[in-house]
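> Hints are included, so try docking the two chains, each in its own frame, into the full complex.
Heads up: the protein sequence lines correspond to chains L and F, in order.
Mapping the first sequence onto my numbering, position 107 (from 1) lands on 107, and the numbers just tick up by one.
Just add 1000 to wherever you are in the second sequence, counting from 1, and you've got my numbering.
The hints are simulated quantities; they were obtained by calculation from the structure and are not laboratory data.
Ideal placement from N, C-alpha and C gives every residue a C-beta, glycine not left out.
Please note that the accuracy of each hint is not assured.
[Claimed, not checked] Which residues of chain F face chain L? A few of them, derived with a C-beta cut under 7 angstroms, are: (1) Lys1018; (2) Tyr1019; (3) Gln1063; (4) Met1064; (5) Ala1065; (6) Leu1067; (7) Pro1068.
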Amino acid sequence: MQKYEIMAIIVSDLDEKTAEAHIQEFIIGKIKELGGNITFEDFWGSRGFAYRIKQYTWGHYFVAQFEIAPTQINQLRTELNIDNKILRHIIITVDKNAPAPRKYADVKKEYEAQEKATKADETEAAEKKIAKREKLSTVKKTEKPEVAKEDEGDDVDQAIDKVLDDATADL
Amino acid sequence: MPPRPKKFICPFERSDIKYIDYKDSKLLAQYITYYRSIQSRFHTGVSLKMQKQLAKAIKRARQMALLPAVRYEK
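Just chain F, same shape as in the assembly (with noise of 0.2 angstroms):
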């Protein structure tokens, strides 16, 4: 039998990060789209409990101003 594949591990939990900020943008920048929605789990590896607490910290970014919410074509 070939060797079972490697189990992914959550970027999250390989860096030993437990809270998600919302003010730090540079890290939230790096999960979201080219349309600036949020992306989704299937394409990053996030486990489902930082996934539900990436989603809101993007949401209280963009709602002060630090993250856009949509692309726009200058």
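This is chain L alone, in the form it adopts within the complex (with noise of 0.2 angstroms):
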């Protein structure tokens, strides 16, 4: 008895249900028949497809691992190679360092509790460098402008001392 793990998808053709009564049936009914012991079971819903598998854009995936003899693994191979409403299945050995297998939904739900906590970080950190280039944008326009007009003051008065000074002389 060796260990081994199946993924399958299910046109999606078929309801949620018929997919799932279907799994029941024709996979795990035959790897039943065929002698085998099955440990861990997961259905994970609809998906949608990385690219069309002929012409169907979604499915539903199936994913279990399972005890049998490796002599009656070509059968149940050639068996779902038969089955129509099986788009794809894969059928791997399971590693020695392989972690316990996990929930897909429970696995999800990490990944999104994940996404938030980044996605929170990131706004904490944009907001922070807003905060501070207003405050170098205030500082700089608090400072400039005052210059200026000092200096075009002076500009000023001392363009008008001088015309004025010409002025005399002229006349």
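Okay, here's the thing in structure tokens:
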């Protein structure tokens, strides 16, 4: 007996309930028929494909782990290949270092929580940056115009003085 | 003499991952390029041992349409 893992895609023509029933009957039933022993079972639900498979854009995913004699695995593969409702399937041996299998819903929730946390951090960092910029800009705005006004006033005064001087000289 | 530069550590070794799962498409998506090919070890710093596992996992994920094999222009 060796540990195997199976992943299968059921066509999107079937509902979720009928797809699950199909899996119970034609995948798990067949494994049990061939003397297998199921240790883990997880129905992912509907999920979009990364590319089209026979013009289908999404399907029902299913994952399970089981123990079966290695001589029976070819029989299982041929029977799964004959089934029209199963778009694709993959059977692999479970690695020694592989951790215990987890439900897809739990993993998804964890990822979503992580994403939320990272987004919150990003927004905080962005707000801090904006606040810093505003502070700098306000300091610059308050400083610059005052200096400029004084300079302008001085220049104008000096110019007027010069003109007046010149005018008096001409007269 | 200037101090010796620190050796680059494999990102999987750093986070103590010993097995890369083909179902974890979000993790695998970090190691493919813009044109969806497997990124080389030179750019990611993954150790040879883990790169072999990673390539296998990505190929399995492609087989089950969890990851794209090529980039599509919409």
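> Now, for every hint given, state plainly whether the structure supports it.
Against the structure, the hints:
Checking Lys1018/F against chain L by beta carbon gives a least distance of about 4 angstroms; that is within 7 angstroms, so the hint holds. Of the supplied interface hints, the one on Tyr1019/F holds, with its beta-carbon coming within about 4 angstroms of a beta-carbon of chain L, less than 7 angstroms. Below 7 angstroms, beta-carbon pairs count as interface contacts, and Gln1063/F has one with chain L at about 6 angstroms; its hint therefore holds. Of the supplied interface hints, the one on Met1064/F holds, with its beta-carbon coming within about 6 angstroms of a beta-carbon of chain L, less than 7 angstroms.
This hint holds: Ala1065/F has a C-beta 4 angstroms from the nearest C-beta of chain L, less than the 7 angstroms allowed. With its C-beta approaching chain L no nearer than about 6 angstroms, Leu1067/F sits inside the 7 angstroms limit, and its interface hint holds. Hint status for Pro1068/F relative to chain L: holds, with the closest Cβ pair at about 4 angstroms, below 7 angstroms.
Hint compliance for this structure: every hint is met.
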